[in-house]
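Colleague: Residue strings, one per chain:
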Amino acid sequence: MADKMDVDAVNGEKQEESVGPAPDLPPERIITNNFALINQAVDNFDSRFTLRALRSIATLRKASNFPDALIAGIRTAYPKASNRGRQILEELLPEKHQQNGTSASAGKETQEEQTHPEIWAYLGVLVQVYLHDQGEFEKGAEFSENFVERIRSWNRRTLDQIGAKAYFYYALFHENLDPKPPSKQSPVIDTRPKLLAALRSAVLRKDTDTQAAVTVLLLRNYISTADITQADLLVAQTQFPMTASNNQVCRYLYYLGRIRAIQLAYTQAHEHLESATRKSPTTGPAIGFYQQATKLLIVVELLMGDIPDRSLFRQPALEAALYPYFKLVQAVRVGDLQAFLKCASVNEPQFRKDGTYTLILRLRQNVIKTGVRMLSLSYSRISLRDICTRLGVDSEESAEYITAKAIRDGVIEASLDHQNGHMVTVPQKDAYSTTEPSEAFHARISALLGMRDDCVMAMRYPMNKHRQEIAEAAKARERERELAKEIIEGEGDADDGDDGGFEGM
Amino acid sequence: MAENEAKHIVQQLDSLKANQLTQAPQLLSRAKLALLNLNALVPSEDTPPTHLALASGILERGALISIKLKDTDSFTRYYQQLQPFYSLNNRSQNQSKVTGLYLLLLLSVGDYAGFHTVLEGLELSAGKEQIEKDQFIQYPVRLEQALMEGSYDKVWGETKRERVPSEEFGVFSEVLIDTIRSEIASCSERAYPSLPISNAKNLLFLDSEGAVIQFAQARGWVAKDGRIYFPQQEEEALAAEKDVMSNSDVVIENTLGYARKLETIV
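Top to bottom, those sequences are chains A and B.
Okay, so the first sequence: first residue is 1 according to the UniProt record's numbering, each after it adds one.
Okay, so the second sequence: first residue is 1 according to the UniProt record's numbering, each after it adds one.
Accuracy of the hints is not assured; some may be wrong.
Using 25 Å as the maximum straight-line C-alpha spacing, the simulated DSS-like pairs for lysine-lysine come out as follows [unchecked claim]:
id, chain 1, residue 1, chain 2, residue 2
1, B, Lys133, B, Lys224
2, A, Lys80, A, Lys62
3, A, Lys353, B, Lys133
4, A, Lys327, A, Lys342
5, B, Lys133, A, Lys342
6, A, Lys139, A, Lys62
In case anyone wonders, no lab produced these hints; they're calculated from the structure.
Let's have the full structure, built from the sequences with the hints guiding it.
Modeller: Below you can see the structure in the form of structure tokens.
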């Protein structure tokens, strides 16, 4: 799962790569270019430049000489070897790269300027990425611990985006330390106070990037050790920032969906998971997230008594990953209890890995319900004994209670005759004589209108543009007034009966 | 000092007879005071293992005694206090019993969300094999499955004395029977147009026909000529609600809403 999340993290940057620096630049050039971007971000107080700098991490980490480039970058930013920041970062990189690095930046010793902390933080994130890719989780965890603390103590708004990334790797490192999450002794539990503190400061500082990132990390943390109640409380007590980036929103919705599914609130779970799958990118490195969310969505949909669309399983990106779920859906669709149990036990390791096994076990009752519905649709009158054998239930009494419950829950329209021991199906009513079609229509229209409103709200308007417009409008009015004045002056001697009319313009 | 006192109280608790249970809460609060003196009521990293075992032992006894006294609130409190001990990974003998009882408690008050949340946590932390061979956990799991699919006769069978894994679990049988009875009643209302009283007796697991009539009156059913007739209004009311003609104002309101939205868009 860790890899999936990691992959997902990279993805956002990947998508818009064309906007970032051209991929064929050597990595050290990309890093130094990014310094310029970050400086620009600090000077203009515009986070977009920082985001653009962070976007190139995906390209950088794949470069073969990434460590060399990183060293070169550090030396460019901090030409003095005695600089504390430089020393901290360099200590984490292997010796041999340091030799190479010296030659690369030898000529730049002369320039000396005050570097922004953002540059250091950016390099710190790159070091985190490097350590993670090398599998040096211990070292990374230790470094991240101090690193995030440092970032927090700076309290600079231009650091927020970098800080959010830093926390992400901080949590990731701890997750990879032994003993791994489901265990209650996992180091992830020790990271909770720190993450909560980070959340608190982020909220107080209106730092939405870190707030969103840390909320998601905390949820992930709680869910990984199955502390669902705590996760639920966190959701209830905090507000997820509206302006969070799409990737964070996706993850937040996914975890929320997971919590709600465990709590049996399937309708809400379905809503969250559906938005998560729709918002998540369907191609590229984030495909793992998409698959995972879709798996959970399918199970929740089944639990709600719906059957997912066949076309869902035909998508090339999902076909192989969803095969066990496809079999599962088939079993549930026909209400075949035996096939369902077989499918669940054959694919158990896979389902467990996906964390959907306990949810799938709950499907048993749905399979039975579907079975009852199929019987009720096909027969207008059927004896309880037949129901019992077809559903594979133990006794006739059970069958009677089960059908009675199905009738009560509105799964089927039927009535039972206890003395003769059979179920009589009530003929279907005409749905068009009820308000149901208009309700469905209304739901669709509202969804579309809501989407339009969201689109309008999501548009980005340039800052202070309206002031400019106001100034222009004022100027135009001024001109008009002058014009009017001239006209009045011109006409003044002829007739001044209606000069008041111009005032209003 | 405090340790000896706590051990002494444990002995006293174990030697209590069934009719002396009312004294237990006092003993328990003294035991908890002793634990506080030992600084072991809430476990920390440097609590010695012997103290941990002592503390969880006392709390577990407290939980089981609360169940016997039918004091569910205090049971829940003990259960919550035990959680930090259980997460420290030294399994004590009564852990699954207490957890199973807590699951059953959640089930009997109808908190299915809480039930599944606890179960999910168990699956992850204890692993599948552990849970599947544990009769104390399996019992509530089986009950929940039967309740959810509607095999009420299975629930009835499970609550019989000989099927219950330990005497503490028997306390919940009564509550569970009440739960299933009201479930069956609400199902019957919708499923049968009418029902002979003798059949209703079997369906509802009641002892006599007199009890059936009493039950029927409590639920507002009509009993005459040896049959029970269920009231039908509910369904008709629902049908009327769905009728197009009766709520034309909603349709008008919606259409006006669309018109207004269209105006803002175009």
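Colleague: Each of the hints needs a verdict: does it hold here or not?
Modeller: Verification of the supplied hints:
| no. | hint | result |
| --- | --- | --- |
| 1 | Lys133/B - Lys224/B | violated, 50 Å |
| 2 | Lys80/A - Lys62/A | violated, 29 Å |
| 3 | Lys353/A - Lys133/B | holds, 21 Å |
| 4 | Lys327/A - Lys342/A | holds, 10 Å |
| 5 | Lys133/B - Lys342/A | holds, 20 Å |
| 6 | Lys139/A - Lys62/A | holds, 21 Å |
Comparing the model with each numbered hint stated earlier shows that hints 1 and 2 do not hold.
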